[in-house]
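Work out the full structure, taking the sequences as your base and the hints as a guide.
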Amino acid sequence: MSRKISTPLTIFTLLAITACGGTTEPSELPEHPGEAGRLTLEGIDMDLDGVRDDVQIHIHEQNHDLPDVIAPLLHMAKYRQQAIIDYDDDGVLEESYLDTHLHTMECIKLIDPAGYGKRITLLEQATLNTGERWKTALRLDAAIASGQAIARPSVTVLDCQDVMSIPASDK
Amino acid sequence: MKYIAGLILLAAQNLAFANIESCENSGSRLHAGYINGMITTLDRALINFNALEEALDPTLSTPGQDVKWVLHYNNDEAAIDQIEQLIDQKLDDEVQRLYAIITSFNSSLDYLDPEAVDEDLSTVEELKQSVQQWYTDFVDDIEVLVAESAMRVNDEAWLNDEDLSSMVSNIKADIDTECRKVLLLPHSQGNFYANAIWPRIYGETSNGYPINAFKVMGQLSLGAPTSQIGGGLASEKDDSDITAWINHDDDIILNLMNLIGLSSLEGNTSIVTDDISAHGLIDTFLGSAEISAVVQSGAASIASALEPMPLARTGIGSSSLQEVGYNDFDSMLDIRFTSDGTEYRYYGVPQGIYNSLLSAESSGAYFNANIRDSFEYYRFR
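Chains R and W, in that order, are what the protein sequence lines are.
By our numbering, the letter at position 13 of the first sequence is numbered 175, and the numbering carries on one by one without gaps.
By our numbering, the letter at position 161 of the second sequence is numbered 171, and the numbering carries on one by one without gaps.
Bear in mind the hints are in silico, worked out from the structure with no lab data behind them.
Among the hints, erroneous ones may be present.
Lysine to aspartate or glutamate pairs mimicking EDC-like chemistry, simulated, CA-CA at most 20 Å apart [stated by the list, open to error]:
#	chain 1	residue 1	chain 2	residue 2
1	R	LYS297	W	ASP103
2	W	LYS100	R	GLU223
3	R	LYS240	R	GLU223
4	R	LYS280	W	GLU125
5	R	LYS280	W	ASP186
Set out below in C-alpha cells:
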C-alpha cells in the first residue's frame, strides 16, 4: 500500500513543475485584518483570492522554510473557505469537495511527508480561530464526511500540478 | 451491435459487483479500518489515519497480504451539540484553550502553535504545562462530554445512527465482495462504534454462511472508554485472540470516567509518554518507538488470527470428500464431505499435506490418516 517515492526526487520534480507553470512567489500580501478579521465567519479577503487575508499571511509566514507547500496550502484554505461559505449559505456543498480536499492533502504530504501533519494542523488552527468558525467547521466536516469510508487517493507528482500555482485573485 | 455491446457491458458490471461465493486460495486481503474519536475534525482524523497507516502498514502488509486502509470517519451530531454549547459559554481565549484540550485528546499538541492558543506561551512545552492546568479548569466541561459519550453506548438512538449503518455496510461489502478480513482500529469514542459493529457483522450471513462461524473481524482498541470489546462469535469460538486493547494507566479521560462512575477497560500500559492526556492517538499510541511497537505487535497478532470466509473449492471425486479448498497464506483447509454435505475447516495445515491429499490414491484414507485428528478443526455447515 505504501508508495515509496524518493523525497528529493519528488521535490525536484515539483520544483520543475513550478518553474514551468506556476509560481510560489508571494504576490503582495494583504494587510493583516487584525481583530476585524475575526468578527464574521467569512472574515476579510481584501485581495479577493478566495483565502481569508489572515490565513493567507499565516500560510506564507509559517511555511517559508518550504515554499513549495505554500500554493497547495492556499488551495486547501481557499476551497475550505468556499465550502464554509456555501455551507453557511444554504447547506449545499460541491459533490467533489471531499475528493478535492483529500487530493490536496496528499499533494502536501508528497512534498513534505514528515512535516505535512504539522503544517495542516497549523492551518486548521489558524482557520478555526473563533468559536463560530470551529463550530461551523465541525458541522461542515460532519456534512461532507461523517459516515464515509475514506481511502487515501493515489497521487503522483504530476497529479499535483493543479495545486502548485498560487490561487489567482479575482480583483 | 450496440445491443450486444450493451449486454457485454451489463454482464461485465454484474461480474464486477457480484458477491464472490468463496475466497481465493492464495494470499490474503485485509480491511484495516480506523474509527476516530469524538470531536475530531476531518483534517485531524486524516492525519491520525495516515500516522496509523504509516506505523502499522509495514507490519500488516506482509508478503501475500493486500491491506486496504479505510478511515471510518464519524463526527457525531450529539457530540457537536455538546461542544457548541460549551463554545457558546466561553470567552474567546477560553475557546482557544478548549480547542487545545480537545486536540490533546484526539491527536497531538506538538502540531499546535502555542502563541495562537495563548500569546503568553512560546513553546510547546509551555503549552503542554498550561493544558495540564486547563484540564483542572475545564474538568466539569470535560466530564459532561465524556459522560455524554460514554452513556450513549446503550442508547437506542445508536440503532438508527447513519454513521454506524454506513460503517457496517462498507465492512460487510468488503467481506462479501472482496473476501477481506477486517481489523478494526478504533480510538477513544470510536470504540463505541466498533462495539456496535460487532453484532451487526457477526449476526449476518455472507454468501449463505453465518459470519460468526469465522473469525473474520477483529479489533485492536486504543484508549478505549468502553467496558468491553468483541463478542458475537459462535459460542464455540473464543474471540480472545482477535480482540485486544491498549489503555494507558495515566489516561486522563479514562481516569475521569472511572471517577464519575463509568467503568472503562483497565489500563494495561505505563510506557512513558510525553502526552499529558495519555490519550491522544499520535502522541500516546504512536509517540515513542516502545509503545508503537506494542501497537504494531497487537495489530499483527490479531491480523494473523483472522480467517477468511469459506475458500474456493474443487471437486476431487472421492467417495468421502466431495470438495476441498486450501489457502496458502492462512494454511487453512476447507472440506465438504460427501456423505452428509457437512463442511469443516482445518487449521494450520501445511501446503505439503494439502498437495498430498490431492495426489493420494485414496483421498479419504489419506484424510483419515493425516488430517482428521492431526489438526484443529471447526464445522461451519
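Verification of the hints:
A C-alpha spacing of about 15 Å is found between LYS297 (chain R) and ASP103 (chain W), which places the hinted pair at or below 20 Å, so the restraint holds. Under the criterion of a C-alpha separation no larger than 20 Å, the hint pairing LYS100 (chain W) with GLU223 (chain R) is inconsistent with the structure, at around 29 Å. Taken as a hint, the LYS240 (chain R) and GLU223 (chain R) pair is honoured in the structure, with Cα atoms around 17 Å apart against an allowance of 20 Å. With a C-alpha separation of about 15 Å, the suggested pairing of LYS280 (chain R) with GLU125 (chain W) holds against the 20 Å cut-off.
Under the criterion of a C-alpha separation no larger than 20 Å, the hint pairing LYS280 (chain R) with ASP186 (chain W) is inconsistent with the structure, at around 38 Å.
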